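With the sequences and hints as input, model every part of the structure.
Line by line, the protein sequences give chains A and B.
This note's numbering numbers the first residue of the first sequence as 1 and each following residue consecutively.
This note's numbering numbers the first residue of the second sequence as 1 and each following residue consecutively.
The hints are simulated quantities; they were obtained by calculation from the structure and are not laboratory data.
Watch out, some of these pointers could steer you wrong.
Stated by the list, open to error - Pulled a few chain A residues facing chain B out of the computed Cβ check, cut under 8 Å:
| no. | residue |
| --- | --- |
| 1 | H49 |
| 2 | A83 |
| 3 | Y87 |
Unchecked claim - So, partial list: chain B residues that the calculated Cβ filter (under 10 Å) puts toward chain A:
| no. | residue |
| --- | --- |
| 4 | Y35 |
| 5 | Q37 |
| 6 | G40 |
| 7 | L43 |
| 8 | L45 |
| 9 | E59 |
| 10 | V88 |
| 11 | C91 |
| 12 | E102 |
| 13 | Q103 |
| 14 | G106 |
Please read these numbers as outputs of a predicted model, since none were measured by experiment.
Glycine included, C-beta positions come from ideal geometry on N, C-alpha and C.
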Amino acid sequence: DAKTTQPNSMESNEEEPVHLPCNHSTISGTDYIHWYRQLPSQGPEYVIHGLTSNVNNRMASLAIAEDRKSSTLILHRATLRDAAVYYCILINFGNEKLTFGTGTRLTIIP
Amino acid sequence: NAGVTQTPKFQVLKTGQSMTLQCAQDMNHNSMYWYRQDPGMGLRLIYYSASEGTTDKGEVPNGYNVSRLNKREFSLRLESAAPSQTSVYFCASSEFRRIAYEQYFGPGTRLTVT
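Written out as structure tokens, the structure reads:
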């Protein structure tokens, strides 16, 4: 199964953009790239997902490398509410047993 | 819409006791999932139901059983609780299989087995 690698932690200043990287060098052609985040003491919350093209929604943007071996979640203007653990996961029809890894803990500095 | 609801919020069991965690969604979703999250860890999939009437094992199914009661409800049963099952349990649902659709998570059930 394809795995993802994320930094354990990152810090960013409030009101500045944040770029959260994810490496997935063994990604297959049918793997979807999903991002979720988990605020303290809450269930995970969907952020964004994509397959090949860059994606934008009201929460964030997802930039996918041309070879799909890496992706970056972009929060355009971080707020204190964005402090959370961010998970990058790959899912396809062959690996629905996939778990979430340990993610990146994002700290926002006021 | 309430989204995904889970009961109970907290539970303490003694080793060997049984219990059922309840999950319901009001979004008319086809797929439902049960995860567990141990301290400092990510989520691991226990069981899932891609559609009403079907259930499949996830990564860590041992010690658990599930029932997809109807389209709305998906319960998780611990037949004989063990301390290793102390965890936070999350239920989730998605319109169709989570591969290409977003999942909506419940608030979680914090279970302690002594």
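Status of each hint after checking the structure:
1. H49: Because about 7 Å separates A/H49 from the closest Cβ in chain B, which is inside the 8 Å limit, the hint holds.
2. A83: violated, 17 Å
3. Y87: For A/Y87, the interface hint holds, since the closest Cβ of chain B sits about 6 Å away, which is under 8 Å.
4. Y35: Holds - the Cβ of B/Y35 comes within 10 Å of chain A, reaching about 8 Å at its closest.
5. Q37: holds, 8 Å
6. G40: Interface hint status for B/G40: holds (8 Å vs cutoff 10 Å).
7. L43: holds, 4 Å
8. L45: holds, 6 Å
9. E59: holds, 5 Å
10. V88: holds, 9 Å
11. C91: holds, 8 Å
12. E102: holds, 4 Å
13. Q103: holds, 6 Å
14. G106: Holds. Min distance 6 Å.
Hint violations for this structure: number 2 only, all remaining hints satisfied.
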